[in-house]
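The whole structure should be built from the sequences, with the hints applied where relevant.
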Amino acid sequence: MTLPHASSSPADADRTFQVDLRGLVDLLSHHLYSSPRVYLRELLQNAVDALTARHALEPAAPGAPFGIRLYADGSVVRVEDDGVGLTEADVHTFLATIGRSSKRADRIAEQRGDFIGQFGIGLLSCFLVADEIHVVSRSARTPDAPAVEWRGRGDGSYSVRTLPASARPRPGTTVTLAPRADAGEWTRPAQVHALARHFGSLLRHPVTFDEGTGGGATVNPEPAPWARTYPTPGARSRALAAYGEETFGFTPLDTIELDLPAVGLKGIACVLPEAVPAGRRHGHRVHVKGMLLSEQADEILPEWAFFVRCVVDAESLRPTASREALYEDDTLDAVRDALAERLRAWIARTAASDPELLARFLQAHHLAVKSLAVHDDEILRMLLPWLPFETTDGHATLDEFARTHRTVLVTSSVEEFRQVAAIASAAGLGVVNGGYTYDRQLVHRLPEIRHEVSVADLDPATLTAHLDPVDRETELAAAAYLAQARDALAVFDCDVALRTFQPASAPALLLDSREARHERTRSQLAREQQGGVWGDILGHLRQEAPRAQLILNQLNPLVRTAVGIDEPELARTSAEALYGQAAMLSRRPLRPAESSLINRSFLNLLAHALRKDS
Numbered sequence: 001m002t003l004p005h006a007s008s009s010p011a012d013a014d015r016t017f018q019v020d021l022r023g024l025v026d027l028l029s030h031h032l033y034s035s036p037r038v039y040l041r042e043l044l045q046n047a048v049d050a051l052t053a054r055h056a057l058e059p060a061a062p063g064a065p066f067g068i069r070l071y072a073d074g075s076v077v078r079v080e081d082d083g084v085g086l087t088e089a090d091v092h093t094f095l096a097t098i099g100r101s102s103k104r105a106d107r108i109a110e111q112r113g114d115f116i117g118q119f120g121i122g123l124l125s126c127f128l129v130a131d132e133i134h135v136v137s138r139s140a141r142t143p144d145a146p147a148v149e150w151r152g153r154g155d156g157s158y159s160v161r162t163l164p165a166s167a168r169p170r171p172g173t174t175v176t177l178a179p180r181a182d183a184g185e186w187t188r189p190a191q192v193h194a195l196a197r198h199f200g201s202l203l204r205h206p207v208t209f210d211e212g213t214g215g216g217a218t219v220n221p222e223p224a225p226w227a228r229t230y231p232t233p234g235a236r237s238r239a240l241a242a243y244g245e246e247t248f249g250f251t252p253l254d255t256i257e258l259d260l261p262a263v264g265l266k267g268i269a270c271v272l273p274e275a276v277p278a279g280r281r282h283g284h285r286v287h288v289k290g291m292l293l294s295e296q297a298d299e300i301l302p303e304w305a306f307f308v309r310c311v312v313d314a315e316s317l318r319p320t321a322s323r324e325a326l327y328e329d330d331t332l333d334a335v336r337d338a339l340a341e342r343l344r345a346w347i348a349r350t351a352a353s354d355p356e357l358l359a360r361f362l363q364a365h366h367l368a369v370k371s372l373a374v375h376d377d378e379i380l381r382m383l384l385p386w387l388p389f390e391t392t393d394g395h396a397t398l399d400e401f402a403r404t405h406r407t408v409l410v411t412s413s414v415e416e417f418r419q420v421a422a423i424a425s426a427a428g429l430g431v432v433n434g435g436y437t438y439d440r441q442l443v444h445r446l447p448e449i450r451h452e453v454s455v456a457d458l459d460p461a462t463l464t465a466h467l468d469p470v471d472r473e474t475e476l477a478a479a480a481y482l483a484q485a486r487d488a489l490a491v492f493d494c495d496v497a498l499r500t501f502q503p504a505s506a507p508a509l510l511l512d513s514r515e516a517r518h519e520r521t522r523s524q525l526a527r528e529q530q531g532g533v534w535g536d537i538l539g540h541l542r543q544e545a546p547r548a549q550l551i552l553n554q555l556n557p558l559v560r561t562a563v564g565i566d567e568p569e570l571a572r573t574s575a576e577a578l579y580g581q582a583a584m585l586s587r588r589p590l591r592p593a594e595s596s597l598i599n600r601s602f603l604n605l606l607a608h609a610l611r612k613d614s
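Everything in the sequence shown is counted per this note's numbering, starting at 1 for the first residue and increasing by one.
Read the hints as simulated data drawn from the structure, not as lab findings.
Glycine included, C-beta positions come from ideal geometry on N, C-alpha and C.
Misleading hints may appear alongside valid ones.
[To be verified] Derived SDA-like pairs (lysine to any residue); straight-line CA-CA distance at most 20 Å:
| no. | residue 1 | residue 2 |
| --- | --- | --- |
| 1 | 612 | 549 |
| 2 | 266 | 188 |
| 3 | 612 | 572 |
| 4 | 266 | 218 |
| 5 | 266 | 333 |
| 6 | 266 | 298 |
| 7 | 612 | 570 |
| 8 | 266 | 327 |
| 9 | 266 | 315 |
| 10 | 266 | 227 |
| 11 | 266 | 245 |
| 12 | 266 | 221 |
[Claimed, not checked] Derived DEER-like restraints, expressed as beta-carbon distance ranges:
| no. | residue 1 | residue 2 | range |
| --- | --- | --- | --- |
| 13 | 352 | 170 | 52 to 62 Å |
| 14 | 204 | 454 | 14 to 24 Å |
| 15 | 359 | 212 | 53 to 63 Å |
| 16 | 303 | 452 | 32 to 42 Å |
| 17 | 505 | 345 | 47 to 57 Å |
| 18 | 590 | 333 | 43 to 53 Å |
Here you go:
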């Protein structure tokens, strides 16, 4: 139905919005929530809040067995509570006004933090599975008040009538739904029971379920595992680990208890036993006052904490209107920071007391720890020496590597490390692959912990200085070949030198950093776009730009043969082939001109060999 607008009045008078209640009900019940299954959560939530309000009204009630009872037999779903109930006036005010909640009543407004629901629209979710909602309620605030019946329909209409006291002998509320035929997936007895356990397993009020067989099964027979007592600390740890395995489907590497009294938060963080891809964030299971809010609440922890999955129950976190996520506010920010501190404390405690667990943790989650260590000096000091890195001595911790290399060199890219690893190792240089995320930053901070160690970036000049020069006679004999090779490779801004280095099986080494290639490309483009005086100046600057170096290995038999070639074209072709082979061994992406050179030099050498054999 549509609410009437105000009667005729002057043009500037206030008017009332015309509201299509059928459309509004459809919008809220079908588009606010992610799945029809939330109808049962909303009914449980309303029942819990009604019980909370009654306990506030009658705090001294002697052992009253207040609780929630569910019933489902395939044709009806019913939720009954012993809560505070509603009077006829309450029904008109709160059930017939969308967005109005009984939790906003003046007498309990100051206690709204005790309630799960805050928005007064949860009952509309029932229209996801039924066309009519039937409510019978009796108020505990007005003992002599009659029972009252409310029937709300999906078209926005409703009816109210009072009932005799016998219709509801005790205070409380019963909500009954007759499910639509298309809602059977969510209203079958087994599904209702499963949903009740899913959403309400940690509720503090007893919840029972009856499927019409005459008996009732307890939905939440035990309190949360962290709220129970255990005979020994070991028994507690095993129980928490078992709960984590049951909840998340994996055996935790360890469990971390979480306790933030300021916001009434308790729970556990389960450390994943295997590595997860960087940046992938697992959702966490968050309950608010015992009611499951979300299984995908990734906002509860910082991004770097992707090595754990949490299940928590909190008192003071605010849900969004759909009660399927957390409201971003200062409280959530403070909780996120406090939980991050608990994870840091666990890492520190493990590093100090359990090296075996630490080793297993770092083996699986070193990337997460590296991302934390970059910004956390305490974690850096504790764990940097124990973090694994790719080095010229194989995969090793920095502590192991620093014992044999007082000067640690670090590359700026993975491809640069692959270019030099074998030769640097043979030359006795200690090089760490700094091309992975965080690694170069962290290696450069090693002297803060190991004062006797120095760290420097590896550049071509550093490696070249550790390669042995050839004697003067050999240098002179190879001069003509080296000149032809430099001329052939000038298009790649590549110099050519002759040295001796191990392993002798390596004919050539191409030293060319990513920065140098970028600078040459930039200078070339600038030169092509400028003319006249500016072109000459930029051309001179280009000559000063870093150049690649092709280092030929005099110990290699192929190189010793090549430098003796006296045929100019064959000398050029052999130099191009050596450059192409070294470029491929560097494992960096080849430029189109380099791919063309490799093909051309191969075909030219093949043609030369065929001519020689014919």
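Which hints, by number, does the structure contradict? 1, 2, 4 and 14
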